[in-house]
Each structure stands twice: as C-alpha cells, then as structure tokens.
Amino acid sequence: MDLYEYQAKELFGRHGIPVPAGRTAATPAEAREIAAGLGAPVVIKAQVKTGGRGKAGGIRPAAGPVAAEAEADRVIGMDIKGHIARRVLVEAATVPFEEYYAAFLVDRAEGGFLAMVSSQGGMEIEELAATDPDALVKLPIDPVTGVDADTAKLLAAKAGLPEQAAPVLEKLWRVLVAEDALLVEVNPLICTTDQRIVALDGKVTLDDNAAFRHGWDDYGERTDSLEDRARAKGLNYVKLDGTVGVIGNGAGLVMSTLDVVAGAGAGPANFLDIGGGASAQVMADGLEIILADPDVRSVLVNVFGGITACDAVANGIVTALELLGERGHRRPIVVRLDGNNAEVGRRILSDARHPAVRQVATMDGAAEMAARLAAGA
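In terms of UniProt numbering, the sequence shown is residues 1 to 377.
It is worth saying that the hints were derived from the structure and are not from the lab. Keep in mind that the hints are not guaranteed to be accurate.
Claimed, not checked - No farther apart than 30 Å at their CA atoms in a straight line, the calculated lysine-lysine pairs in the DSS-like style are these:
no.: 1; residue 1: Lys49; residue 2: Lys138
no.: 2; residue 1: Lys153; residue 2: Lys138
no.: 3; residue 1: Lys239; residue 2: Lys203
no.: 4; residue 1: Lys239; residue 2: Lys55
no.: 5; residue 1: Lys233; residue 2: Lys49
no.: 6; residue 1: Lys233; residue 2: Lys203
no.: 7; residue 1: Lys239; residue 2: Lys81
no.: 8; residue 1: Lys171; residue 2: Lys153
no.: 9; residue 1: Lys203; residue 2: Lys81
no.: 10; residue 1: Lys49; residue 2: Lys171
no.: 11; residue 1: Lys203; residue 2: Lys158
no.: 12; residue 1: Lys171; residue 2: Lys203
no.: 13; residue 1: Lys203; residue 2: Lys49
no.: 14; residue 1: Lys138; residue 2: Lys171
no.: 15; residue 1: Lys49; residue 2: Lys239
no.: 16; residue 1: Lys138; residue 2: Lys158
no.: 17; residue 1: Lys138; residue 2: Lys55
no.: 18; residue 1: Lys203; residue 2: Lys55
no.: 19; residue 1: Lys81; residue 2: Lys233
no.: 20; residue 1: Lys171; residue 2: Lys158
no.: 21; residue 1: Lys55; residue 2: Lys81
no.: 22; residue 1: Lys203; residue 2: Lys138
no.: 23; residue 1: Lys203; residue 2: Lys153
no.: 24; residue 1: Lys49; residue 2: Lys81
Starting from the given sequences, assemble the full structure and let the hints guide the process.
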C-alpha cells in the first residue's frame, strides 16, 4: 500500500524525523485557513500517489493565505498522470541549502534490505542512477543488525552527507522496520541554511500482509471506487480500460483469459480473481462489481472447477442476477464452466433461463462471443 506524502510525514513525525509544519486541505478555503495559521510563506502540494508533481504544476509556492487559496484552487482536481488531486498539503516553505536522497527498501532480488543514499537529491532516482551511478551509494543491510548509529554514520560519510544527517538515516530505518514498510524514501532530504536536516518529501510503501498488526484501514482514501468496493468484499479486482468484464478463479486462469479476450479483438475491462474456493456469495459479489462498471458491455465468466465447484459458481450467477433485477438484464454474460461439477453448473444456468446468460463450451469460443457482444455484433 502506497501512502500519500502527508501520511508518510505523519509516520516520520512519530519516529522523530523533522518535517515542515503543515496540514491537508480539501478545499481552497481550508488551504487559506491553514496558511493563515502557519503565518509564513507556504507551498501547496498535490496529494497523489505518483511522481512528477512538480513538472505537472502540482507543487506551487504561495506567499500568504490569499495566494494559498488561489493556488489550491488550481491544484485541487488536477489530473497528474491519471491521478486526481483531491486534497493538497499546505506546508510551511522551507529553503534548502543542500538536497540529498535517502531510501531503505526490501531488496527482493537479494532477499534482504538495501540502503540507497546520495548527496544529489531533488531529481528522480532513475535519472540519477543513469547519469551518475557513482553518486548513488548502495549498501546491503543485514536484517539482524539493521542500521545502528555507526552504520548510519558510515552511510552518511560514504554518500557525502553532513554528520548531522546520520541520526535521521537511523530513524528512517526504524520507520521501515517498525511500520512493516517495503520502501521508505525521502527525496529531497535537505539541509537548511541553519544546518537542520528536514524531510522535505516522503514516500512510504507498506506491506499489505502486515495490515492486521497496524489497523491500516485509516490510510485508505474513501473514494467509493470500484477497487474500494471490491476490496471491502475481499475481492482481488483491478480496473482496466476495456469493455469486456472478466471473472475467473485463479490468477493464472484470469491472466490467460485477459490474453484470449485481447486476441479476440476486445479489451478486458478488469482483472477479477474470485479465488480457488469461491462460494456462491463471492461469485455474486464479483458479478455485482463488474456490472457496476459503466464501461463494461459484456461479461465473460471463465471458471475451471477444482476446489471451486462449478455448481457454486452457477448458483452465484443466478443469485447475483436475482439481486440485480433489471440491472442484470442490461449486458450479456457469457459463461464457460469446466471441471468439478461442470455439468451440474451448466444445468443450473439452463434451468434459470436468464435472458442475459449465454453458455459456451470452450474458453476461446467464450472470449470470441464476449468480444462480439461488446462490439454490438
């Protein structure tokens, strides 16, 4: 789970890492009020989970409350690489004397942790690594010993950071460990004119598998998106940009189905894996989510029964269509059932005689029919 900048900085503050004073605003009027309370020039920063905010105009200085309101009005609602800025961080402007880069992350390739530190901050790390790889210090971190004061001093010295940066590096490591993070990154980490080390930005990725230890539901933005609604139902759903809704049991089968749909000349509208032991209720929940997507023109249900019994899938389809009522008649649903209890499942669908449901015996045939129906053929 990626955090917004303001959420990352809240974590930093809890671990004693200096950050600029600031609060988030959802309206220009709130931005003006926050700027007035800070009593200093501020920066208006779009809160989106992507990079390139500055180049897109999502980070704007404001000399005072009136300017803060005007700049927030420009930024709120801005589309930055497909991410809509629904709120801004209003933060006291901090002038850097020097800018650095610091990150700790899980190194999956080596099965451990990695520190990356540079005296050249403020630019994208990929660009830095390509143009001046020697400027980026990389140090594997022993999971047992971690980053103590001596290791932090070594990192700072090797990267050319001032000595006072070492305690901040040590605390950034503590954020990674204590918060079960996969990535903790500050770009830029700055030294001010009065020699203070401050995290001017923050990027944190948390390990979803550790959510039960932290109660991370508070980090979710309540946008009522299809992804949010699917997550609330425990579904593995990703929205795509096509017109054929796809449901399958097992990530491998769903990925294959996406390929087959594309091969039939249509674009899949989503990835939805109902899992290996899905119940009728899970099937009904999945179908409800997909039919709530206005981009979907047809639905392909592709299930190979193993742990998941095809009769449970068929009952789920029938149940979902009963609950949806008229909404369930608006788009055709192509169903391919094979494997465990497939004959029973097909009979359940045939007996239901729902006008939206078409049954096809093969995956290729089902994909071709779903593609034709999505195209209006």
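### Task
Quickly compare the C-alpha distance for Lys203 and Lys81 to 30 Å and report which way the hint goes.
Given pair Lys203, Lys81 holds - Cα atoms ~17 Å apart, limit 30 Å.
### Query
Regarding the pair Lys81 and Lys233, is the alpha-carbon distance no greater than 30 Å?
Status holds; Cα separation ~28 Å.
### Query
Can the restraint linking Lys49 and Lys138 be considered satisfied, given a maximum Cα separation of 30 Å?
Measuring from Cα to Cα gives roughly 25 Å; hence the hint holds.
### Task
Would you mind confirming whether the straight-line C-alpha gap from Lys171 to Lys153 stays at or under 30 Å?
holds, 12 Å
### Task
Mind checking the alpha carbons of Lys203 and Lys153 for me, to see if they're no more than 30 Å apart?
Within the cut-off at roughly 23 Å; holds.
### Message
Holds or violated: Lys171 and Lys158, Cα atoms, limit 30 Å.
### Response
holds, 18 Å
### Task
Mind checking the alpha carbons of Lys239 and Lys203 for me, to see if they're no more than 30 Å apart?
The given pair, whose Cα atoms are some 24 Å apart, holds under the 30 Å limit.
### 30 Å Cα cutoff - pair Lys233, Lys49
With Cα atoms ~23 Å apart, Lys233 and Lys49 stay inside 30 Å; holds.
### Task
Compare the distance between the alpha carbons of Lys49 and Lys171 with 30 Å, and conclude whether the hinted pair is satisfied.
holds, 23 Å
#### Entry: Restraint check for Lys138 with Lys55, where alpha carbons must lie at most 30 Å apart
holds, 27 Å
### Message
Does Lys158 sit within 30 Å of Lys203, going by the straight-line distance between their CA atoms?
### Response
OK: Lys203 and Lys158 at ~23 Å, within 30 Å.
### Message
Does Lys203 sit within 30 Å of Lys233, going by the straight-line distance between their CA atoms?
### Response
The given pair, whose Cα atoms are some 28 Å apart, holds under the 30 Å limit.
Checked against the numbered hints given earlier, this structure breaks none of them.
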